[in-house]
Structures are given as C-alpha cells and as structure tokens.
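Student: Given next are the chains, with one letter for each unit.
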Amino acid sequence: MNSTLEFSTLEQQNNTEHLREALLDLERSKQLEEETRIESEYILACLNALSRVGLDRNALRILLEELQPLFEYDEACVLVPDPEDPEHFIVTASTHECLQASRWPTHWIQSRITVDTPLLAFNVKALPMWQMQTEAMQRSVSSALHLALRPGPQPAYLICTHPQVGFFSHKHSKRAIRFAPMLAQALINIETTKELANINQRLQQEVEERRKAQTKLVEVQEELIATARQAGKAEIATNVVHNVGNVLNSVNVGSEALQRQLKGMPLSYLRRMADMVAEHQSFLSDHEKMKLLPSVLEKLTHKMERQNQICCDELTTLQTHVEHIANIVKLQQASAGYQEVREEVELTALMESALTLSLNDSAEKDIVIEKHYESPLHCSLDKHQVLQILVNLISNAKQAMAKLSGRRGCLSLDIEYNADQILFKIKDNGEGIAIENIEKIFIHGYTTREEGHGFGLHGSALNAKQMGGTLTVASAGHDQGAEFTLMLPR
Amino acid sequence: MNIATSWSTDSDVEQALADALKSLDSQLGGATPDYLICNHSATYNAADLAKALQVYAPKAALHQTSSCLGAMTNAGFHSDNGYGLALFAIVDAAASFGVGMAPLGEEAAAAAMQAAEQALAQADRPGELPQMVWISSTPGQEEAVIAGLKSLMGPNVAIAGGSAADNEVKGEWWLGGNGAIAQDAVVVSVLFPSCSIGFAFHSGYDPTQKAAVVSDAEGRMIHRLNNRPAAEVYNEWTQGLIQEQMERGGNILGLTTLAPLGRVADHIGKVPQYQLSHPDSVSAGGSLSMFSNIAIDDELVLMQGSPETLTRRIGRVAKSARNSTPLEHPKVLGAMVIYCAGCMLTVTDRMNEVAQILDESIDKAPFIGAFTFGEQGSFLQAGPKHGNLMISVMLFLEE
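Residue numbers (my numbering), protein chains in the order written: chain U, 1 to 490; chain B, 491 to 889.
Rather than coming from a laboratory, the hints here were simulated on the basis of the structure. Glycine residues also receive a C-beta, built at the ideal position from the N, C-alpha and C atoms. A hint or two may mislead.
Stated by the list, open to error - Computed spacing ranges between beta-carbons, pair by pair:
#1 18/U x 706/B: 32 to 42 Å
#2 570/B x 37/U: 47 to 57 Å
#3 193/U x 853/B: 45 to 55 Å
#4 853/B x 37/U: 28 to 38 Å
Said to hold, decoys possible - In the DSBU-like style, the derived pairs of lysine-lysine whose C-alpha atoms are separated by at most 35 Å in a straight line are:
#5 821/B x 174/U
#6 809/B x 30/U
#7 541/B x 174/U
#8 174/U x 549/B
Model the full assembly from the supplied sequences, consistent with the hints where possible.
Tutor: Okay, structure coming up:
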C-alpha cells in the first residue's frame, strides 16, 4: 500500500465532503430553528402565565416556574436591592422558601455579575457570597447560575441553583441571557403595577376621606343651621328673660324708691303737731269748731301713720316677691340650654370690649390697668359667652377694689395661648378671698357682697365648662387680691 | 480586548524570543499581556523560554507547550530545521486568566484537578466555571485528565487543547506553566475573557462503510474487532496497508494517518460527529495500539482522509466554531488552534496553505496553532473528548 491510500477518488471525496458540510449546515439550521421554536414556546407559555395570573406579586415566581424546564434549575430566585440596607440584596421572588429569607452582599454581586457576563459557579461553596448563606442552603446547593436581569440604580439578579456540582453550562447561561429581558420587563411591570396599586389605594383613601369630609361638612352645616335656629330661639327667650329681668329691676328700684319716700314722709311732725294741739286744746275751747281740731288731727295722724305702715309693709312684701322673681329669672338665665355659636374673634379685641363694657365710671377709670397681651390671635370662639365671663370677672375685680383705702386699685389683664389652649387672666389687688372661702367661690348662690346674689361666678364657671374650658381662682387671702383664669381650648 | 501573535524560526532561543517579543510588543503597543501562550518546537530550551517569558510578562498567566516541528500563525507555518515558536498574547483588563501545572504521575485526574484549582486561584475565580479550559499534557493519560476536570467542574465544562509533542516522538516534549517547566505534567488554563468563546472539534476525515465492534480491548490496545484480531481486520479494511507490520509487529503511525479509526462521539442533528483514534503500532499477536483509549463494545468505523481534506478542513472547523455561539454576526477577535501533528506531517508542504485558509476563515484575526500528539476538544452535545488526528479550534468572538 502507499501513503496516498484512496478508498474513493479525490473528486468523490470532495463531493462527499461538500454534501456532508451542506448536511451539517442544514442540521445546524434545523437545530437553531428548533431552539428558537422551543424558546418561542416558553415565551408564549410565560405570556400565558402572566395573562392568567396578572401582574401580582406572585407573577415573577410563576414565570420562574414556567422557565424551570428550560433553565433546568432546582430552585431559583430574583434579587433586588434591600430598600432598608444598601449593602445587601434581598429576594423578591423565589421558587422555594429556603431562598426567600436570604441576603446577598451588594458589592460582591455588582462587581462580578453583569448583564453580559453571568457567573456560573460549579461549586458555590468557594464563592464568598454563598459562604455567608445558611448551612441548609449550602448543603442543598452545589452549583448556581447568577445573571444580572437589569443594570442601573435598581438592579435585579437571577440566581438558579442545582444540587449537582457543575450542573450549569454556558448553554444555560446563554438561554438565561436571552430570557433576561423578559424577566426584567416582567419585574418592571410588576413593580409598576404595585406602585400603581399603591397610588390607587392612596387615591381611594383620599377620595374616601374627602367623601367623609363632605358628609361631615353637610352634617356640620345642618347642625349649624339647627344650632343657629336653636340659638335664635334661645336668644329670643334669653332676651325676653333679660328684658323681664330689667323690668323687674326697674320695679325693684321703683319700689325701693317708693319705700324710701314713704319712710321719709314727715309723719312725726304731724304727730308732734297733733300732740301739741291736744296738749293745748283749752286754747281752742272758745271756738266751737276749733274744739274739734285736736281730735281730728289725732285721728288724721293716726290714720296716716297706719296707712304709711301698711304701704311700707306692702312694699316690703312686693320687694320680696320681685326679688324672688328676679332669682327665678337669673336661675333661668344661668341654666338655660347652652348653644354654642362660634365665630372668628380676635382675643385682645375681645378683652378690650369686656374692659370697655365693665369700666364706665370716671372713678373706676382711676384704676391702674396693666395689659399683658401676646401677639394678636384670631380664634373661633363663642364670643358672647366669653365676653359675658370676662365682663363678669372684670366687674367683680372692680368691685373688689372699690373698698380699697390708702392704695390705688390695679387691674391686670393677661392673654396667653399655645397650640392647645387660650388663657384669659384677670387679676386685681382688691379685698381678695379668704382662704376658707376659695372652695366656695363658684358655688351657686355664694357671695361675700351684701348686694350680691352668688350667681355671676357660678354662671361663668358653668359657661366656661360648656365651652370645654375651665374657670379657676387663686388668692393669697383677705386683702391680698385675686386672680381669675379662664382657660379655653383652641 | 487586544490580541496579538508573533513567531520566529531562529534556532537561537534568545534571538527567537527577542524577535517574537519585539513583534508582540509592537502589536500590543507596549501593553503587558494578561494571558500568554507559547507553542514552540521541543528543540528550544524550554527552561530558557519559560524564564524569559516570565521576565517579559511577570503578571501574565503563562501557558507553554512544545509543538511538533514548530507552530502556526496568520503568517504561516513556522518551522525551519525543526525550530519554530509562536506567541499568542491577550490584553483584557476586564478578563480573568489563570494557569496551573501539576505533575501527571499515576494520578492524572487528580493532577488535572490540582492544576485547575491553581489556575482558578490565579484568576481569582475559585468555584466559577470558566468559559473555556485550555489544557496541555504529556501524551498518554488525556482521558484521565479530562475526567479529572469534569469531576471538578462538572460535565458541562468546555475543554480544548492538545498533548505536548516533540519532533520525532522521542518523549522530548515540554510543558510549562507560569515559569515552571516539566515533561510529565498537565497544564491547565482557565479563561474568563470579556468576550464570547466559540469552539469546534472536528477531523478532516470522512467515514467509510467499514465498521466493527470492539470485542476485546484494554486501555489504548485493541485486541479484537468482531471477534477477530484487530490488526487483521484493519489490514483487510485498508487493503493490506499494514501487511508488513502484521508479520513482525512494529510502528504503523505514519502509515495509518489517512486511515484512522473513528467512533461516533456526537451528532449535529442526524449527522454523526466522529472522535478519531490513530493506530500507532501493531503487536505480534495482532493487536492494534492506539493513541487514545478504546472500550469494549465501541463501534469503530474506518475513516478516510486525504491531503486535500486535511488541508482544507480547518476552514470548516473554524466556521463551525464561529457558528457555535448564539451571536448573530460574530466577529473573530482571535483564535487558538490545535492541529494534529500526524496530519501536519502528512501535509507539511501544504501547511502554509492550511494557515492561509484558517486566516481567511477567521477574517485575519490573530491565531496561534500547535501541532500535537493528541487533541482535546468539546463536542456541543457530548462534551469534552480526547481524540487523534483532530482539529480543535477555539475562537474569541464578539458581536
């Protein structure tokens, strides 16, 4: 035999080789087509799965499970940055719970895995990022495919695992690279859907809150209207009672004046004249008709004295009745149903109004008035109620300072406020309150003044309470002045 | 990523290396290689080469293998009076490369694992599967070397490379890794380049209709085919090709180069891919000694080749390697080629043509080729195998 051994001719060999190469090209094309067909089927399967489950939080896991036969992994998970720890990635979707709690060092992963260069670990135990995983994970995983699904500030990574050493090949990583954009897009869609759901939920909450606010507004308006009506009625009644009280006062004043006039009649002179005439009736005996004068005068005097007494007694009885009626009116005023009517008022203006209403006498204007107001503040308050209390307190202070001797009255008016409350403070240097009387000062009917009724402070305290506030007093004792504090909520 | 090759056939090792390095340095613009391959005829002093190369590129992963007669680059076949060397350098800051070497001894699989772990450590990629494992080893235990690497990195590891060779099959081959050299060793490179890698493992041979099942075999020795003495069957198939050696035994390596035996190792679709074994001697008892392991029940097919197919086939192998990736329009950045020394010796006078065909088929991208006494490569489905009279092509590719 020779070295140019020929089983077929050179031409035959060439033809055979050409045919063989053509056949190989055909087979490669068929393989490529088959691979493309398989991948297309998986893409369709993934899309079907997505359309079946929607883009909820489980969609990524379902996608991974759909791709399992293609990637041939045992378990898989997708990592995203931990929003609370920039040093680590966390699992956002996984096919097994053992992977779900795992954490992965950001720096190591980002420095070694990119979109184009997957990391194929034939033995994960040699990799630092696997050495920090649980023993159970390290026991169950030998090889792994790591692939970046998307770069950028919110990167995501796919990890596929297998218990067999060196299971994954470059064929797996090439397939994973081709499917990475789909997984990344699914992740984006899921995140976007989640974000939209959050926005939608927030919008729904806002709509619900606005609906509730609208309902509340309608209710408040209705209440306001009802309150206004009620307040209107109450005001009429109050006015009536007030007017009646005023009339009663006039009646009382009139009756007192009448009583003073009756008591001031000079009946004593008449009595003395009658007695004198009786004593000297002998001088009148010469005249027949004059003889009768003493007895007539006596009778007249007696009668007038008796009638005067009767009138005085009747007036006393009348005054008692008037006072009784006045008490009833005041009680009615004090215990009338409270209907709050709030309106926007400025605090210093309110205090000034109370002051103006309370100090109307030139002598009272000699009182030194100290004002300590914080910067003007507009608040929604029941103006008339507050004004009534302040007038009452200032009036009381004025009266407490009326009996001062040797020193000048000093009235101190303070307005303080914070985020929660407003304080009106009325302080005087008047007669003060005995320690033993402090506790009684707000009791209904209690008063230290002869002409007082013990209704003012009681009513003021009641009104303060109705507005959600308090009225308190402080005094160091008799002749030490007093300080009243009206606290109202803002 | 920058790749360059250079060569020299100067018989003075210092001058040869100086020429090659000067050219390399010029092409790389003074950049230091991250990975450096040196294929050289065993006639050079391997230790001098290793030392000089390490001085030139102290941080490079350095892989050194002796190659029959010389080497091959884009410039052609480089061998002059048995002297020739070629360098292949990669500069790739985004890549990782590592080389390890271990004495082969009796535990070739363990040695391969040890060398691979060294290489992974140098690449700072312990536990990570490289895109390609490039190996060189002393002829004789290649199957065990591959088994060791598969055992370490799994069945899907891509392996290519070739067995060290000398000029006259006298066992004067050399292997080197990172400055160290040895004659009985395995050298493993792990490649994590920043680009894609394509590969193909083919022969320049076609199957004939002559086939038989191995009835008795041991290691690389086939005793019987279809229950008949293997040499007798082979001689019949080849029409008395080894008739003279049948009678007294002897070397048949040169005679059988165009008529090796093949086994179906893989399929591309329905087309079988063959892993070749080269009969190298016949025993007096009628057994055939091969350059690769054969197992009982293997079906062997007589393959046929010609100088023409051995010359032209390399272009088709390169085309297969280019098509082995999913890249739509792969651009070749560089190539590492293993070409069987037996084939080279058969078509020595046409080796410049071989180099030119390869150069054109990879668009003149820089390549290096070694002529080996055993070829390793990876089939797409069947994975890494050792064969004879094969062509193994690895391409660095980008879209």
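Student: Hints the structure violates: just list their numbers, smallest first.
Tutor: 7
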